[in-house]
Amino acid sequence: MNIDRELHKLLRRVEKPARYTGGEVNSVIKDPDSVSVRFGFAFPDIYEIGMSYMGMQILYDILNKNDDIYCERVFAPAEDMENLMRQTGRELFTLETLSPVKEMDILGFTLQYELSYTNILNMLELGGIPLRREERGDDFPVIVAGGPCAYNPEPLADFIDVFLIGDGEDMQEEICMAWKRSSSKDGFLKAVCGMDGVYVPAFYEPQYNDDGTVREIRKMYDGAPDRVRRAVVKDLDKASFPVKNIVPFIETVHDRSVVETFRGCTRGCRFCQAGMIYRPVRERKKETIERLAMAQLENTGHDELSLLSLSTSDHSRFEELATELMEMCAGRNVALSLPSLRMDSFSFKVLDEIQGYRKSGLTFAPEAGSQRLRDIINKNITEEDIFGAVEQAIQLGWEHIKLYFMAGLPGETYEDLAGIGEIARKIMDINYRIRGRKGGRFRVTVSVSNFVPKAHTPFQWAAQDTDEMFIDKHDFLSGKLRIKGVTFNYHETGTSNLEAVLARGDRRVGQVLEAAHRLGCRFDSWSDKFRPDLWEKAFSETGIDPGFYSHRERSYDEILPWDVVDPLITREYLIRENKKAKRAETTHDCRLGCTGCGINRYAECFKDAELGEVTHV
291 MNIDRELHKL LRRVEKPARY TGGEVNSVIK DPDSVSVRFG FAFPDIYEIG MSYMGMQILY
351 DILNKNDDIY CERVFAPAED MENLMRQTGR ELFTLETLSP VKEMDILGFT LQYELSYTNI
411 LNMLELGGIP LRREERGDDF PVIVAGGPCA YNPEPLADFI DVFLIGDGED MQEEICMAWK
471 RSSSKDGFLK AVCGMDGVYV PAFYEPQYND DGTVREIRKM YDGAPDRVRR AVVKDLDKAS
531 FPVKNIVPFI ETVHDRSVVE TFRGCTRGCR FCQAGMIYRP VRERKKETIE RLAMAQLENT
591 GHDELSLLSL STSDHSRFEE LATELMEMCA GRNVALSLPS LRMDSFSFKV LDEIQGYRKS
651 GLTFAPEAGS QRLRDIINKN ITEEDIFGAV EQAIQLGWEH IKLYFMAGLP GETYEDLAGI
711 GEIARKIMDI NYRIRGRKGG RFRVTVSVSN FVPKAHTPFQ WAAQDTDEMF IDKHDFLSGK
771 LRIKGVTFNY HETGTSNLEA VLARGDRRVG QVLEAAHRLG CRFDSWSDKF RPDLWEKAFS
831 ETGIDPGFYS HRERSYDEIL PWDVVDPLIT REYLIRENKK AKRAETTHDC RLGCTGCGIN
891 RYAECFKDAE LGEVTHV
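Just add 290 to wherever you are in the sequence shown, counting from 1, and you've got the working numbering.
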């Protein structure tokens, strides 16, 4: 990698220069002049976080397999690097060729979390690219964005040319080829807008009622679809998956080999956006997973392998897969990590064999402190599941149990919150019963996040708690969790409320984003970087009430800003699940029989399952 003298001077003055140099093992080197399309894959956070995102590795691999496309990477610079870039006039650049990002044909942002939105605007500015799409002519890259947050594209609609909604494996390459065939940006937008998963915001214009709600979403181009149907990879086993992952020079958040075992979830938790928008479940075969895992380890030299899914132990051949991978890894001195395990569905015997002596901690997510509230959110686990799993874990030698809960769930009472303390206390009692009163070094960590209602979930109509309500609940829990051996952590309230605004915002929220960016907001998901005072000023300057988006309960007949997106699950299903939540009624796992979400109209699922025929894995 040829680093010019000026950049070399900058890198000598920053904390981690390897964030900006590229040239890592397995990174792709091409001649930019030999390709028709240059694609910049932009992650709106620092290198260490972005390089832990498996989606980037997947799409980087797919695009670079095409000889006519060069996919390069770009990350948000850390504060020290940004300051130097602004002082010296150095524009944001890619890692592969150190080219200014405005030289890309397409610049694609991944939207993994709402609190990265100001980073996107900052990266555009640092790249010398106008923020608003109407200000960008054919001389600037087409700005695209995809990922889970794209399912409500409206807060970013004034800044993004094209949103990619759904699975990106096929879409990204199709988008690049469409650009190659197009003679202008307008021609490109009209060519792609009819594709599954493609939303072009310029072709839609929201109209509002006097009370601020959406009156209609007016279509401005006849060739655009009424609703954008998300793209689905129907056979994950045949989908491309990288085996030559880029190996960073510096430690990243997740420094390991990763294989996605399946996509989707059958559980139906009503708060969970991922469980809704990634339906149906599509599995990779056990043999495919093993082949990919061994190839990755061979090509990267990692000493840890992790399996990726929403619920690892729900794979139909989990125990067999885990046992065989354990044997393969043992021969290579590689650790096997199994995150996202369910307390009602995995074998402690297998887990014990895998973890061996490394019994540092197990993580469970009961989410709520009472059975009533767990039924409301459709968690479908009981206290017997919780305490049975904990007891087995303690008997097998685990010394640390982590428990995840949420505060502010719809229908929640202080009695439900008190139940969190009771669960923690009973777990400590179980440990004393098994190990004696001294209990060894056993400890419990209770982490409580704040409920954020998300688009395309049964709780998309729900009101979020205010800051004051969350603070009161955190104080209440602090009292209930003053238990020897128990540690209590909770999430900041300000970021949760902002997340709700951005998650359910309409196009007008873009004004707030632009104002917040101008005031200096960035890295809002980092507690030490979040500036509630600046966000408050941004809302005040724009005259937009954040409570309208976060604290207001919606009616079923209200047009929602994200209704332009068809997630392939029906509105009727979401309403039905919302009503069942209000009655504290549960819905069974999809594997036990079709629950009527509507996904089976477009993709194979468990629609033919009959109750009693399929059991929990």
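Among the hints, erroneous ones may be present.
What the hints assert, rightly or not - Think about it this way: if two alpha-carbon atoms lie no more than 27 Å apart in a straight line, the pair counts; the simulated DSSO-like pairs of lysine-lysine are: (1) K509 with K475; (2) K475 with K306; (3) K774 with K716; (4) K575 with K534; (5) K528 with K692; (6) K524 with K575; (7) K320 with K509; (8) K575 with K692; (9) K355 with K524; (10) K509 with K355; (11) K774 with K819; (12) K480 with K392; (13) K480 with K470; (14) K575 with K528; (15) K392 with K299; (16) K524 with K534; (17) K524 with K320; (18) K692 with K763; (19) K355 with K576; (20) K306 with K320; (21) K320 with K534; (22) K392 with K528; (23) K872 with K763; (24) K480 with K534; (25) K470 with K392; (26) K392 with K475; (27) K774 with K872; (28) K306 with K509; (29) K528 with K480; (30) K575 with K509; (31) K355 with K692.
Unchecked claim - What follows is a set of in silico ranges between Cβ atoms, one per label pair, in the way DEER data are often shown: (32) R715 with E843: 49 to 57 Å; (33) E588 with S326: 47 to 55 Å; (34) R303 with D476: 54 to 62 Å; (35) E381 with E588: 34 to 42 Å; (36) E673 with N499: 30 to 38 Å; (37) K509 with A753: 39 to 47 Å.
Keep in mind the hints are simulated off the structure, nothing from the lab. Glycine included, each C-beta is placed from N, C-alpha and C at the ideal position.
- Item | Structure versus earlier hints - violations, ascending order | Violated: hints 2, 5, 7, 8, 10, 11, 17, 22, 24, 27, 28, 29, 30, 31, 32, 33, 34, 36 and 37.
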